[in-house]
Amino acid sequence: MKRSPFFDHSLKTVVSPSSVPSTQDDPIVIDDVTSSPDDSAFASFKKGMLSLFRGISTPILEKLFDDYKGSDSPLAEATNAYLDNPDYYKLSPFTNVSSRKHKAPSLLDSNIVKKKKLAMNVKPSTSILTISEEPNDDSCVSSAGDVSDNWRKYIGSFDVDCWCTRTVVSSSLFGDGHLIFEVHKTNDNVVYIKLAETGRALREIGRVNEDVAVCLGPLLRAHILYVTLEPYYFPGGIMHIGDTFIMQVHCFVESVLFSQSDNSNKNLLHALKYSEGNHLKSKDESLDAFTIRKRTSIFDLFRRVGISTPAIPRSGGVKNAQIVDLSDSGNDDQEDLNSNEFTMNKIKDLYGTNQSAAIKYEWPETSPSDFNLELRPYQKHGLSWMLHRENEDKKIAGGNLSKSENDIDKAINPLYREYKWPSVPKNLKQYEVLKGEFEGSFYINLYDGSCSFKRPTLNSGCVGGILADEMGLGKTITTLSLIFSCPYDTHITDVQSQLSENRSYASGTTLIVVPMALLSQWDKEFTRVNGSVERHCFVYYGTNIVDNLPNLLCNNSKAPTVILTTYGIVQSEWSRIESKDTSKGLYSVDFFRIILDEGHIIRNRSTKTARAIYALGAKRKWILTGTPIVNRLEDLYSLIRFLNFEPWSNHFLWKHFITAPFDTGKDLPLAFTLLKSILDPILLRRTKGQRGRDGKLLVELPPKEVVLEELKFNEKEEILYNWLKARAVTTFNENFRKGLLLKNYSSILTQLLRLRQVCDHIDLIKTQDTGDACGENEAFKDRMSLSNDIISKEDKEALAMIKSIEQKEIAGRMSLEEMKHTKTEIYKLYPNFDGIECSICTGPIDPRNCVITECKHCFCASCLKEHFDFQEQHQNILETEYSTEEVSNVNSHSNNVKVLCPMCRAEIKKNRLFKTVPKNLGVQLTKQSQDMLLTQVGSSNSNRQYTVRPFDPYGKSSKLNALLSHLDQIREESPGDHVIVFSQFTSFLDIIEKELANYGSEFVVYKFDGRLSMEERQKVLTNFEKECDAKKSIISILLLSLRAGGVGLNLTVASKAFLLDPHWNNAVEFQAIDRLHRVGQKKSVKVVRFVMQGSIEERMLDIQTKKNRLGEALTLNDEERRKKRIQEIQSIFKD
Amino acid sequence: MSLPKRIIRETERLTTDPVAGITAVPHSDNLRYFDVVITGPEGSPYENGKFKLELFLPDEYPMVAPKVRFLTKIYHPNIDRLGRICLDVLKNNWSPALQIRTILLSIQALLSSPNPDDPLANEVAEEWKNNHAHAIETARDWTARYAK
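These protein sequence lines are chains A and B, in that order.
Residues 1 to 1135 (the working numbering) are what the first sequence spells out, left to right.
Residues 1 to 148 (the working numbering) are what the second sequence spells out, left to right.
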């Protein structure tokens, strides 16, 4: 995109040097003094400054010029200085003002200075202050300039509270005198009420209450407003100082308000562009204080007089015109702001209204050609909409939309707001001075308060938009149908000039940028729907990268219709270009169309990826995303920036009108309406819950069941968890007391991480797997490595803790002799397990899953575990009933509980159990286990089908155990099923993978995480999708890292999933679930979420719900968010 | 809640491989609830009596014992007027290795050999100890009267 020139000399410059009252009495004299070099420099300086800051006063200009004339680029420096410190320049009384006064006028070309405009501000100070009630008071009318087309129009009346400043007899006010307003000489915020009687000097009788004076003062002074007063209420008899009386004020706007609007928008944008380049921080600085005051006052006035905006939205187009009901918004403002849920509800509304608008508007159903798939009705609507956004209305089924519709369709410039002229009460008609027609509406610029009769339309220059259909509605298919409907540019000639010169135009190619995980999926979908030999898709990735893209794409009849690439490739090519300054690869061509899949990836405009994406060239741009706003409203900006959606692609404007109001809560309803009007035309969103024209849901999905399964820690986990938690609480409280929470944030996060890891598996502590933590906080990882020493020291303690627990366990075990003896007896007792059943479940004993007690009775492992659990729980309850509560030490309750063998009632102990291992798996296990006895005894008797080894029922993690029993059940009940297991910790997935390998051929296990390459990912997914043999009672299991696989993948082949650990943000979890529960899913979906009882994970669920309620993410910046996190963490540690 | 495999297996076995003198049939609407009939053991005062019982398998079964109660009136020192049975395996000595079948066999055995030293129905137990013949007579009488 080409930057516009530093400033645009062609713009008409409005000079109003006298907006600072103190200098008003110096009339500007236009004469022809020959310019000295310094003068000509000042001339261009002044011209430049004026184009940036309309209304900047001459003294300020001079001061600035004097300060910066010596520098290389005085204009830039001065602008910076002025913007950095406007107050200084506005408030300082410059002593050297007059030094150039006589020269200054020479700089004002006569064609620039229009007398009419000067009239607005330059006035004899006396006439400014006096506005009399006399309808024919010439001094007033003429003082607004001798311009013949001046007019004055009634806009409404309102009551003004005033207070008396002089003791007056009330009746005297109703005499032959008139009441008038007079603005204080220098202070706009003070408006006097004076009594004008014939033959007497003006007498002040009171003042307007300040809230109203603030509004009226500046407008009166600027002669924008004309008022007539009518006494409304006076206390009878004598009025004393401080008494309140009420005046009715009839307001008229003067033509001045309208005369200044013509170029203001351009000017404004120009100023904004410039100011953005200078990293302006505070809003409004590109406008001078006067304009800001004026704008505020006008809106205040309009609100007070209750002037209305057209009530009915302009129908016909999806683009609703920008309509604001002012009188309402004023009140809502106050009430709604107090409610916390305002923002969230509104944003929801936003999506909601967008949906209904899209549905009500009866888009025809367009079907693409050469497309091997029948689109669903709503996808056809979507296609029509997308074609419309690309100005390809001809291709929409049913032909053109009518011209008139298109006209209205052209959205009103969102910077403007429409108002209706009110009708004039008869008695006030006399005050109006009308020129021409005043029917219908007028428009006011929300930014600088200038007005216009013409409907300001907006040519956004944005071809494309955001398709934000909810996940699973087939954004991919809809988009592909667009590509097939309109694969190449049909009007090449008029386009080429718009695009940058040094790139060739790939007129028949659409570039699709996708996350790496989705690359092959897009490729596959393309092939699936492709019904034409002429179309093909080129995957620009890995070895397929070609430098000479123009060769391939331009003027080549066999150019690929679609080029698929990843964000990574785009970013790396961009970095290369940045350094070498040559255009290669993707940056050597301008594409016909760019489509960003999962477009929220570029939500942060300062990231390299986002900047790389902005730099890509294309005529049409689309963004696909299910979540246009991930965290903050700022997210949306980046999307709009990519789309080049003028004027909002200007960050300053966006920040000023959208982000700031949502952050501060000021002007919220306005910002909200504005946001809606911005999004309405360019964003289409449908949700699964929506109903189509036929009244049916857009997508009928099989039911989904999400079950939360609470698991209990086993002893080992509980001891370790409690120990870690105690340590974390201490650290937290210590830091909290010292106020170092934010500083030691990362160490606290680490401790939380450890807690979460214990919830999964104790062994995770030994790993450096940070799960998702670094994804949430990118700085976290760095600081992790910085504070590695401390952390590893803490972790060493934790590891020592684990070791001591394990040692205690071993201490209770059998001696080797005992063990050997028992084993021999077991082998004698059970030559095999044929016909032997578990007395607890009465099922046959499975040697893969069999536990043998010291008394040599065998049970299913799960049955005996249940027995142990039940007995422990039961006896614990009895104990607490009888004995006083005992402070639990490490081994307390396990020692007190006496569990008996169900068969012989001999006492059995958990650490004195054996398990059997079937022979055919023995090889694998001997490698893993350090159990010497296993190999000794096992190898001596080779015709036996199993071996025996010591068994620790709680050796695995509780979650792993639960998962295994679930998987076992699935295998039994629905062999051939596909199951997905999500975790945030890839090392936990590793452990599970290892564990599942013990089950041999029953489970076919695949693992998909961020460590896989593109090809490997694809291989894993294809293999997983293969049918597996139901007869052999096998199930396929995909171990999926939540981060790598939570987004984009289509896994409808599976209908069951397990979420092993909760995420801080449950949207992430739901996204993961939607991998299964989406279009194409035929079975009902069952999802089990594991949560450890009484652990941090439960608190995380609380936080999830809280988050959902408040929608806090929308309005917080990073720092606030961090503070919020601290609060969350605090809630975790609170008991 | 689905029925555990163990309950299904036990029910099947009770019909395919019945115990002499005992029938146990689950209700069609509640498969955890059984109608039980125990025939009084030979040589006991309950001989020829058909005693109706109800048996219910709680959710925790087999971790906890089934709940069993006589519906038919019976004169027995270990069974009270409400039909509740004092039997160790139904209480503390329950083990998940026990089953419906074994429990009902234990009850049958209890009819053969009452234990008045660990009574539930105190009056009956007194009678049983102090006036044994009369007690046996009453038990027979009750059997003839109620357990037809």
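Bear in mind the hints are in silico, worked out from the structure with no lab data behind them.
Heads up, some of the hints might be wrong.
Derived Cβ-Cβ restraints for the label pairs, each shown as a range [what the hints assert, rightly or not]:
hint	chain 1	residue 1	chain 2	residue 2	range
1	A	E825	B	T102	23 to 33 Å
2	B	K73	A	P703	26 to 36 Å
3	A	V729	B	N93	29 to 39 Å
4	A	P831	B	T15	58 to 68 Å
Chain A is faced by these chain B residues, among others (derived, beta-carbon under 10 Å) [unchecked claim]:
hint	residue
5	L3
6	R6
7	E10
8	R13
9	T16
10	D17
11	P58
12	P62
13	V64
14	N93
Just so it is clear, the structure is predicted and the values come from calculations on it, not from any experiment.
Where a beta carbon is used, it is the ideal one built from N, C-alpha and C, also for glycine.
Status of each hint after checking the structure:
1. A/E825 - B/T102: 23 to 33 Å: holds, 26 Å
2. B/K73 - A/P703: 26 to 36 Å: For B/K73 and A/P703 the Cβ distance comes to about 51 Å; the hint is violated.
3. A/V729 - B/N93: 29 to 39 Å: Cβ of A/V729 to Cβ of B/N93: about 45 Å, so the range 29 to 39 Å is violated.
4. A/P831 - B/T15: 58 to 68 Å: violated, 32 Å
5. L3: violated, 13 Å
6. R6: Hint on B/R6: holds, closest Cβ of chain A at ~5 Å, below 10 Å.
7. E10: holds, 7 Å
8. R13: holds, 8 Å
9. T16: violated, 14 Å
10. D17: violated, 13 Å
11. P58: It is violated, given that the least Cβ distance between B/P58 and chain A is near 12 Å, above 10 Å.
12. P62: holds, 6 Å
13. V64: holds, 8 Å
14. N93: holds, 8 Å
Checked against the numbered hints given earlier, the structure breaks hints 2, 3, 4, 5, 9, 10 and 11 and satisfies all the rest.
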